[in-house]
Amino acid sequence: MRFGLKRKIIFSILGAGALPLILGMVIAYFQGTTELERVIGGNFQALAGETARSIDLVLSGEIARRQRIASNESVIAALTARNARYRKLERTAIERLLSEEAARWRSGERSLSGPQIGPAQEVLKRFAKTAGLSERPGSHATLHTLFLTDEEGALLVSLHSDRFPAYRHADQEWWQRAYGHGKGQTHIGTVAFDDAFGSYVFTLAIPVLDESRQRVLGVLQSVFDAKEFFRPAIHPIRFGQTGHVMLIDSRGTVINCPILPTGVRVNDTALIRSVTAEEPGWVKAAGDGHGGQAASIIGFAPLPETSATTRASTGLLWHTFAWQSSQELFAPTHSLLLWVASAGLLAMGLLGSIGYYAAHRIVTPIRHLQEGAARIGRGELTEPLTIRTGDEIERLADEFNTMNERLKSAFSNLEEKVAAKTAEVRALKEYNEKILNSLPDSVVILKQDRTIEYINAEATKVLQSQPASILGHSLFDLLSVDQPTQRQLEWEFDHAQLTTASRLDPWEEPRLMQSRDPLAPTSGGTAEDIRRDIRIGARAFGHRFFRVSSGNGATRIGLALREVTSERQLQDQLIQAEKLAGMGTLTAGIAHEINNPLFVIMGLAEAVAEEDSPGATKAFAKDIVKYARHMSSLIKNFARYATPGSAENIRSVDVTQALADALKMARLAHMSDDLTVHTDYAPLPPILARPEEIQQVCHNIIVNAIQAMNGRGALRLSTDHVNGWVRLRIADTGPGIPKAFLGKIFDPFFTTKEPGKGTGLGLNIVYQIVTKYGGTIAVDSEEGKGTTFTVRWPAESHA
Amino acid sequence: MFDAPREQFGRVMVVDDEADIRKVVRMHLEKANYEVIEAANGSEAIALLGSGDNPVYVDTILCDIRMPKVNGLELIEYLRQQYPSIPIVVLTGFPDVQMATSLLKQGVLDYLVKPVENEHLITTIKKAVDHHEMMKGQFTT
Numbered sequence: 045m046r047f048g049l050k051r052k053i054i055f056s057i058l059g060a061g062a063l064p065l066i067l068g069m070v071i072a073y074f075q076g077t078t079e080l081e082r083v084i085g086g087n088f089q090a091l092a093g094e095t096a097r098s099i100d101l102v103l104s105g106e107i108a109r110r111q112r113i114a115s116n117e118s119v120i121a122a123l124t125a126r127n128a129r130y131r132k133l134e135r136t137a138i139e140r141l142l143s144e145e146a147a148r149w150r151s152g153e154r155s156l157s158g159p160q161i162g163p164a165q166e167v168l169k170r171f172a173k174t175a176g177l178s179e180r181p182g183s184h185a186t187l188h189t190l191f192l193t194d195e196e197g198a199l200l201v202s203l204h205s206d207r208f209p210a211y212r213h214a215d216q217e218w219w220q221r222a223y224g225h226g227k228g229q230t231h232i233g234t235v236a237f238d239d240a241f242g243s244y245v246f247t248l249a250i251p252v253l254d255e256s257r258q259r260v261l262g263v264l265q266s267v268f269d270a271k272e273f274f275r276p277a278i279h280p281i282r283f284g285q286t287g288h289v290m291l292i293d294s295r296g297t298v299i300n301c302p303i304l305p306t307g308v309r310v311n312d313t314a315l316i317r318s319v320t321a322e323e324p325g326w327v328k329a330a331g332d333g334h335g336g337q338a339a340s341i342i343g344f345a346p347l348p349e350t351s352a353t354t355r356a357s358t359g360l361l362w363h364t365f366a367w368q369s370s371q372e373l374f375a376p377t378h379s380l381l382l383w384v385a386s387a388g389l390l391a392m393g394l395l396g397s398i399g400y401y402a403a404h405r406i407v408t409p410i411r412h413l414q415e416g417a418a419r420i421g422r423g424e425l426t427e428p429l430t431i432r433t434g435d436e437i438e439r440l441a442d443e444f445n446t447m448n449e450r451l452k453s454a455f456s457n458l459e460e461k462v463a464a465k466t467a468e469v470r471a472l473k474e475y476n477e478k479i480l481n482s483l484p485d486s487v488v489i490l491k492q493d494r495t496i497e498y499i500n501a502e503a504t505k506v507l508q509s510q511p512a513s514i515l516g517h518s519l520f521d522l523l524s525v526d527q528p529t530q531r532q533l534e535w536e537f538d539h540a541q542l543t544t545a546s547r548l549d550p551w552e553e554p555r556l557m558q559s560r561d562p563l564a565p566t567s568g569g570t571a572e573d574i575r576r577d578i579r580i581g582a583r584a585f586g587h588r589f590f591r592v593s594s595g596n597g598a599t600r601i602g603l604a605l606r607e608v609t610s611e612r613q614l615q616d617q618l619i620q621a622e623k624l625a626g627m628g629t630l631t632a633g634i635a636h637e638i639n640n641p642l643f644v645i646m647g648l649a650e651a652v653a654e655e656d657s658p659g660a661t662k663a664f665a666k667d668i669v670k671y672a673r674h675m676s677s678l679i680k681n682f683a684r685y686a687t688p689g690s691a692e693n694i695r696s697v698d699v700t701q702a703l704a705d706a707l708k709m710a711r712l713a714h715m716s717d718d719l720t721v722h723t724d725y726a727p728l729p730p731i732l733a734r735p736e737e738i739q740q741v742c743h744n745i746i747v748n749a750i751q752a753m754n755g756r757g758a759l760r761l762s763t764d765h766v767n768g769w770v771r772l773r774i775a776d777t778g779p780g781i782p783k784a785f786l787g788k789i790f791d792p793f794f795t796t797k798e799p800g801k802g803t804g805l806g807l808n809i810v811y812q813i814v815t816k817y818g819g820t821i822a823v824d825s826e827e828g829k830g831t832t833f834t835v836r837w838p839a840e841s842h843a
Numbered sequence: 045m046f047d048a049p050r051e052q053f054g055r056v057m058v059v060d061d062e063a064d065i066r067k068v069v070r071m072h073l074e075k076a077n078y079e080v081i082e083a084a085n086g087s088e089a090i091a092l093l094g095s096g097d098n099p100v101y102v103d104t105i106l107c108d109i110r111m112p113k114v115n116g117l118e119l120i121e122y123l124r125q126q127y128p129s130i131p132i133v134v135l136t137g138f139p140d141v142q143m144a145t146s147l148l149k150q151g152v153l154d155y156l157v158k159p160v161e162n163e164h165l166i167t168t169i170k171k172a173v174d175h176h177e178m179m180k181g182q183f184t185t
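Chains as they are written, first to last, in this note's numbering: chain A, 45 to 843; chain B, 45 to 185.
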């Protein structure tokens, strides 16, 4: 049991609970994170917007205060007075004048000359005092310097006089934009490093207009320290550990930041592009603008008022930018994840515990049941199972108890039954062996590989060996038979294996053995049943194969052998006896055939004795010799035929010769001799047989034919050779055989002659001899027309 | 024995399918002063006896049994019906007692088995011819 029921239940519960739980947690986590980002982003955006407005206010305040200076009467008067001197002069004269004044300024002559400069100087000083502007340039102050130029960009009034500022500013960008060719506009410059102050500064240039406010008289220039100026608006805004607001321009230059130094360029162009839109907003960006690449949320907003001025002045927008480090920013979501995960684990643990408890409740009774069933299986359980769960398991236990009771009663007498059956089987086995060993026939059971599995007592005698020494050996190695018989037996064995069981039904009549009975009816015999005797030494055996199944499904082939030696001897004697019985009729014919020439010889001899003429005597003598020779050959033929056959003289037989010899003899058997004989003999291969028996076959058929024709008619003899068979045909023109008799003519003692005229064995002997040598015989007869016998034997080379 | 002047004692018809048998029989019978006429088988014999308006006159018929066409048995049966007065002597190679008995019952005068001694043949023929003479006398008187 690889996975116990308990484990399966726990896993099922965990599976059912954990999947939705985990899914829910994941959804909650992502939903929460997104929501959090949205809130943070909104807050940052609001913060950036708020900061932008406050910076805007500061800048607007500065601009307003300078515009108040620009509209001061003293300032306008001083500028008007200064500008008046240029009216009378040519351009070159103006340039020369200004060059001289500039040279004097650089050489250290720090006093600025001109009508009404004093009151204007006073205005600037007063403003500087209220604005907290230091007299010394470069100190940590928001405003580094403040000065006034005329319409030619030449310095008119300055808070400082120590090498600063430069005397002429007409070629400066801020001056040209603020002057605007006399039209003027407020200018806010870019943040840039100023060597004179050693810090990043930006300029604010305000045009001073005349009283009609039509024409620009000069420019009021202020230089602010970028870091110090925005510090009060930016630096106090801190949240968390790292959260802060910064001010950048749309090129990415940091104008003010509590962390980054002013003037640093943020190189992340993608980030800069996403946070310098013209409308306030927030983004979730891949970089934080502070060197990190972690995801961060950035809120941003352009300065609403100032941006218009900076855009007009430099093409740049100024943005505030609220940022917090991603680590700190996402800390709440990380802790959310942690919480959710912890809750999930806790839930899993709870589920597991519940599952364990449930599984324990379910499995424990099942375990009891299983142990009980195992004990029933081993036959150990005597007490009924007690499981009180009140559910299906309890009912199952009850069923087990019922089953146990039934089994107990069923098994109680099983052992006696087994013992009885074993004894019965043993008795049956002994019974079978007794029967088989008492049989006069041999029985051998073969496995499919032809080895011997069982052999009965008679068979061991036949094989002349002990059972122990031949079991497991191949039968065909042990049988000492000739080659053709061995081949035939092997073929039959293979055939028996392939044949269906019904073909070799054990209760089928053993036709083979029956047809070998010398006196048994022969009708129904077909070529299929003709099998050779098995000759082992001097003994002859009939045989048949049969199929048996050996209990475990395997098929065995049995071979039954019955000794037919005495039957063969009887058959041989019968064949001989029939021949001798026919000899009586034959003798008369023979006698006639001998007596005729003898009579002639005697008569001629007498004539010779009385004859004096030598010529006539010689003629008589010649005739005498001729007849004597005729007699001699006749007697030889008869003697050959009458010789009883011996068992050993089977040899090659020329069937044509036997047929011709038989014809000569058979003709003598009838007193009428009015036969026309047609012969058609083909060259034949020999067959293996006893020659006198083949002649006997021909003789019996021809005698029958002559008798049927009553000595008158045509006899047609032919031989041929087809497919390894030697065939001979004997046809007569007698009255034919009635259909009713056709099936019986080969039966022993069947005769149509009157009693005493025949033995009734002639054709039966023919049949026996034909089949004895593996041949077949067929009869074809038509009443009134004649009868044809066809006999076939296998040629010697095919035997 | 036959010291009388040579005269014909009677006419004998020899029926046998073998010419040499007929020749030997003729030799014996002619020496004993019998006239011999020959027939090769039964049908030839019947033809000779009944040919035309002037049938051949014979005193005795010496006949074989085993012959082609009409054999001896058939010939004898015919002769006993048509010419009951002519004595028949059978001369055959078949030493068959049953057949001999049956033939004798049919009126055959004698049954000779080849090879027969010359004297025995002549004696039998003489007896037959004499018998025919006697029968003829009975019929004519």
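Mixed in with the good hints, there may be bad ones.
As the list claims (entries may be wrong) - Distance ranges between label pairs, derived from CB positions:
id: 1; chain 1: B; residue 1: Asn-77; chain 2: A; residue 2: Phe-794; range: 51 to 61 Å
id: 2; chain 1: A; residue 1: Ala-665; chain 2: B; residue 2: Leu-92; range: 31 to 41 Å
id: 3; chain 1: B; residue 1: Arg-124; chain 2: A; residue 2: Phe-794; range: 33 to 43 Å
Hints are computed from structural coordinates only; laboratory data are not their basis. Even glycine gets a Cβ: it sits at the ideal position worked out from N, Cα and C.
Is the gap between the beta carbons of Asn-77 of chain B and Phe-794 of chain A within 51 to 61 Å?
57 Å, holds
Is the distance from the Cβ of Ala-665 of chain A to the Cβ of Leu-92 of chain B consistent with 31 to 41 Å?
The hint (31 to 41 Å, Cβ to Cβ) holds, given that Ala-665 of chain A and Leu-92 of chain B are roughly 33 Å apart.
Does the Cβ distance between Arg-124 of chain B and Phe-794 of chain A fall inside 33 to 43 Å?
With a Cβ separation near 36 Å, Arg-124 of chain B and Phe-794 of chain A satisfy 33 to 43 Å, so the hint holds.
The structure shown violates none of the earlier numbered hints.
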